[in-house]
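> Numbering (UniProt numbering), first residue to last: 1 to 92.
Hints in this document: simulated from the structure, not taken from any laboratory. Computed from a predicted model, the values in this text were never measured in an experiment. Be aware that a few hints might be false.
Derived DEER-like restraints, expressed as beta-carbon distance ranges [as the list claims (entries may be wrong)]: (1) Leu76 x Glu22: 20 to 30 Å; (2) Glu12 x Asn71: 14 to 24 Å; (3) Asp77 x Ser28: 29 to 39 Å; (4) Ala79 x Arg11: 17 to 27 Å; (5) Arg11 x Arg65: 11 to 21 Å; (6) Leu69 x Asp37: 18 to 28 Å; (7) Asn32 x Ile85: 30 to 40 Å; (8) Thr9 x Phe66: 28 to 38 Å.
Don't be surprised by glycine CBs; every beta carbon is placed ideally from N, CA and C.
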Amino acid sequence: MVSSHSEITPREASALVEHINEALSSCSDVKNMLPIDSTPESIVSAIHNGDQDITVNFKDDKSKRFRMLENHFLCLDAARRMGCITVNIGPL
């Protein structure tokens, strides 16, 4: 039986949060949420409290849709190379 539960190690959480804090440090849309602490509760809270009012209409610009799909496939490929098993994940 395959488990759908996954855990992140403290070292992985720290690296993820460090990357997010650095990558988004100049983004004015999320300044009020940064820096994120590397505790699991802080990460979940930061993700849960994300800005959901922003919508992107990919029908207007085909190149944006292409980039979205390209990023989607790159992320899936990277996950597979790290040993993650991805099931039933396809383009949006």
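> Each hint: holds or not?
Structure-based check of each hint:
| no. | hint | result |
| --- | --- | --- |
| 1 | Leu76 x Glu22: 20 to 30 Å | holds (24 Å) |
| 2 | Glu12 x Asn71: 14 to 24 Å | holds (21 Å) |
| 3 | Asp77 x Ser28: 29 to 39 Å | holds (32 Å) |
| 4 | Ala79 x Arg11: 17 to 27 Å | holds (18 Å) |
| 5 | Arg11 x Arg65: 11 to 21 Å | violated (36 Å) |
| 6 | Leu69 x Asp37: 18 to 28 Å | violated (33 Å) |
| 7 | Asn32 x Ile85: 30 to 40 Å | holds (37 Å) |
| 8 | Thr9 x Phe66: 28 to 38 Å | holds (35 Å) |
This entry does not satisfy hints 5, 6, going by the numbered hints stated previously.
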